[in-house]
Amino acid sequence: MILDCPQHAQPVAQIEDLRGACSVAFVTSTLAQSLGLPEGAQGMIVLECERGVLRAVGESGVGAELPMTPPLRAPVAVAADDEALLVVEQAPPRLRIVHGAVTTYLGDAVLRKPVAVAAHGTLIAVADASLRQVVVFDLAATANAVVARADGVMPAGVAFDAAGRLWWTDSAAHRVHRWVITDPGPGEAFGERGAFPGQFTEPTGIVCRDGCVYICDHLNHRIAVLDESTGRMAGWWGMHAVIPRQGKGRIHYPDALAFTPDGTRAFVCEGFEDRVQVLSPGGPAPINDGLSIPREGVSSHFGPDASALGPIMAMIEPETGSVMIFNLMGSTLAPAHIATFGGSGALPGRYPSISSVCALPGERVAVVDRSNARLDVISASPDRSKPVAFDQFLPRLVASTDLVAMARPIGGKHPLIVDLAWDGAELLALDPANRCVWRFDRQGAPDRYSTGEPKRTDLPEGMREPVQLAASHGELVVADRAGGALWIGQLDGSWSRITELGRDDTSVKLVRPFGVAIAEDGSLAVTEESTDGLHIVAWGPEHSTELVSSTQARGILDHQFWLPQGVTAFRDGVLVVDRGNHRFQAFGTDGAWRFTGSLGKFYTRKREQVRQNELPAVAPAPTTTGGDS
Amino acid sequence: MTRSLRSTVLIMIGAAVLAFQACLPQPSESMWVRKAVTNDGLLTVWWRVVGERDELPESDPFDIEVRVDDASGGPADVALEMDAEMPHHGHGMNVRPVVERIGPGRFLVKGVLLHMSGRWEMAFDLGDPDGVRWRRAQCTVEAP
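Listed in order, the protein sequences are those of chains E and A.
Its first residue numbered 1, the first sequence is counted upward by one per residue in this note's numbering.
Its first residue numbered 1, the second sequence is counted upward by one per residue in this note's numbering.
Bound conformation, chain E alone (with noise of 0.2 Å):
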């Protein structure tokens, strides 16, 4: 058969310093009148999810922020058809109508963790993370009742196609599924983890245009081309972007698409590098420029989260769906690689969707998965008598707990832990799914009431998006990232919240805070994705907090960050993963900066200057659609 989806695509023009934009959605001239644009004005708007609004965008560049009142809260997707805007928030979770002068709202009291939205005629469809459904609601039934649901594993992406089939993308099974709604179950199902055509690793955004299917292959860098009547993929769009920052034509974790009506251009998302591609579907595949080789860039791939406890340290590499091991213990500052464990599969010891590691006492690492519910606690403890070298049979699955079988006699849902955390006593797992902490002991068994359930601590009812914790001797806290603050948990179950850092005039207002952690002399570093900060406080009394050092810095130099995220205590210090630049950076708790690393990079000197890869200039782009097979 042959295929008429457009195999590849071109470059055309980048827009950058668009933070965290995640989503995207084209408003036609009839809607952008009833929003209150100017008369005649059409055009994309993009959703900006670390500044919380929706601007204008076109090639040449970023336009006007489109009013909303009320101001969006913690805003995640946008979607538009001819009448209606539509944005998913998440503080509360909500879907936000805007339809001319009347915003209404729907998904209260449903909705849990809103992560994208599709409307087709009076049926929208959105995915929820923390649900683990796609929600099908029909503003024509009696009070928008939901009309239709389908069972995943975490839901990212929903698109209807001009069928009015639904497709949707399962970001941690690693598939997408074509679903008449009014039948029963999830629908087909099309692909498996991995990187060959017809596999997807992560799966975020969809669109459905003319007959083919667009995805955003989120751990392939790519964008996936299917064709919507045998569900085979066509092509893809894209090339892997070697070191962050390069694009052209290279794509860097795309989150969202969507097309203009004509559909000569294709705007992709892709809130990692903070900036939208602009692509000219069609055309030859690209060529090899030579530059997929990094000079001094740093190119190892890490996660959200890291963990460091004594001699080791552990970190999550999601394209591999494995866990590094770094011994600390060298006779330099370097942490070295010793060994990396995991790989996508079903078993024990095989991680299809990573989402935590936590370093345990005895060298030991606690790693859970979101996909098979797993927490598994892993031996790596090398022969110290011996120079530590790197090893690939160092790491021994000692335990494997299955949560889902765990939360079952409780009537608990499948569990969704998020992060890990080592108390002193206590393995700790946040679930946004059951709304708990979970506890287990340091063999990673759950510990247990006398009744024979479960021990677990529940989250209060204002958190909205809890994303990580730290935990000190039964003392929690847990980042908020949606509702913009931290929450301090004790023993007894009680919990207060934290929207400032300091006090007075040396104070930081927390907007997305992610990572948290409590240093060895009981500091707190506070990482932040919106302003890319790192925050130290010291406690004082009543949970109030002196800070200590702020640094909010965006850059590729030593001491600033590009999407900083999990951080750890490291030393007598705390150690960042600096997401958006691969690496990671090493501070004291008075705020100075100790190194830089990555795997085989190493920095004790603070650089001026870091050379980049130049890419060249953007050649001029055929403006057709269509097949180039």
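Worth flagging that the hints you see were computed from the coordinates, not collected in a lab.
Keep in mind it's a predicted model, so treat the numbers as computed, not measured.
Keep in mind that a hint or two might mislead.
As the list claims (entries may be wrong) - Pairwise CB distance ranges, derived in the manner of DEER restraints:
1. W539(E) / L42(A): 39 to 45 Å
2. A109(E) / L42(A): 43 to 49 Å
3. H473(E) / V33(A): 47 to 53 Å
4. P261(E) / A79(A): 51 to 57 Å
5. H473(E) / M116(A): 45 to 51 Å
6. A79(A) / V180(E): 25 to 31 Å
7. A79(A) / D458(E): 29 to 35 Å
8. D40(A) / M329(E): 22 to 28 Å
9. V146(E) / G131(A): 28 to 34 Å
10. D63(A) / P184(E): 35 to 41 Å
11. G198(E) / V50(A): 35 to 41 Å
12. R384(E) / D54(A): 33 to 39 Å
13. A109(E) / G131(A): 45 to 51 Å
14. E58(A) / A425(E): 48 to 54 Å
Stated by the list, open to error - A short, non-exhaustive set of chain E residues, derived as facing chain A with CB atoms under 7 Å:
15. T264
16. L397
17. V398
18. A399
19. A405
Even glycine gets a Cβ: it sits at the ideal position worked out from N, Cα and C.
Place chain A on chain E using the hints.
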């Protein structure tokens, strides 16, 4: 080769032999000569290649019989999953073996395939009756 280098090589060979010893067929009157202990030390897995000679075939599927003992030496009440991988090469098997329970603490694993010669790690995952906790016993074999 200098004396010290030769000594180092001999020591390395000796260490490698010791490391593999737990998985190699060892002289015994028992039919169960291949052994792996769970990494928490609680359970013991004995296994053998089904057939007359207990030998790993060359790039052909084979079946293994598995016996799991608890700390007292009696049959352990566990579920079994079996896998194998080549850590140096970053891949596992191309097939998923079928596990069949054939008695208390006894299993037949059908369709194991070590498709490449070299060092493989066999993994036996043993689940408690309620399915919550799993333990791993693993050992290394040299596929012909």
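Here is how each hint holds up against the structure:
1. For the pair W539(E) and L42(A), the beta carbons lie near 41 Å from each other, so the given range of 39 to 45 Å is met.
2. One distance hint, 43 to 49 Å for the beta-carbon pair A109(E) and L42(A), holds here, with the actual separation near 46 Å.
3. H473(E) and V33(A) have their C-beta atoms about 49 Å apart, which keeps the hinted 47 to 53 Å range intact.
4. Restraint check, P261(E) to A79(A): a C-beta distance of roughly 56 Å satisfies the suggested window 51 to 57 Å.
5. A hinted range of 45 to 51 Å holds for the C-beta pair H473(E) and M116(A), which are about 49 Å apart.
6. At about 37 Å, the beta-carbon gap between A79(A) and V180(E) misses the expected band of 25 to 31 Å.
7. For A79(A) and D458(E), the Cβ-Cβ distance of about 32 Å falls inside the hinted range of 29 to 35 Å, so the restraint holds.
8. As the Cβ distance of D40(A) to M329(E) is approximately 24 Å, the hint placing it in 22 to 28 Å holds.
9. The beta-carbon spacing between V146(E) and G131(A), approximately 32 Å, falls within the hinted interval of 28 to 34 Å.
10. Checked against the hint of 35 to 41 Å, the pair D63(A) and P184(E) passes, with Cβ atoms roughly 39 Å apart.
11. Remark: the range hint 35 to 41 Å for G198(E) to V50(A) is upheld by a beta-carbon distance near 36 Å.
12. Restraint check, R384(E) to D54(A): a C-beta distance of roughly 37 Å satisfies the suggested window 33 to 39 Å.
13. The supplied range of 45 to 51 Å is broken by A109(E) and G131(A), whose beta-carbon atoms lie about 33 Å from each other.
14. Range check, E58(A) to A425(E): Cβ separation about 51 Å, and the 48 to 54 Å hint holds.
15. For T264(E), the interface hint is violated, since its Cβ never comes within 7 Å of a Cβ in chain A; the closest pair sits about 42 Å apart.
16. With a least beta-carbon distance of about 4 Å to chain A, the hint placing L397(E) at the interface is held under the 7 Å criterion.
17. At about 4 Å, the closest approach between the beta carbon of V398(E) and any beta carbon in chain A falls short of 7 Å, and the interface hint on this residue holds.
18. Restraint check, A399(E) versus chain A: the minimum CB separation of about 5 Å is within 7 Å; hint holds.
19. Checking A405(E) against chain A: minimum C-beta separation of about 4 Å stays under 7 Å; hint holds.
Of the numbered hints given earlier, the model fails hints 6, 13, 15; all others are met.
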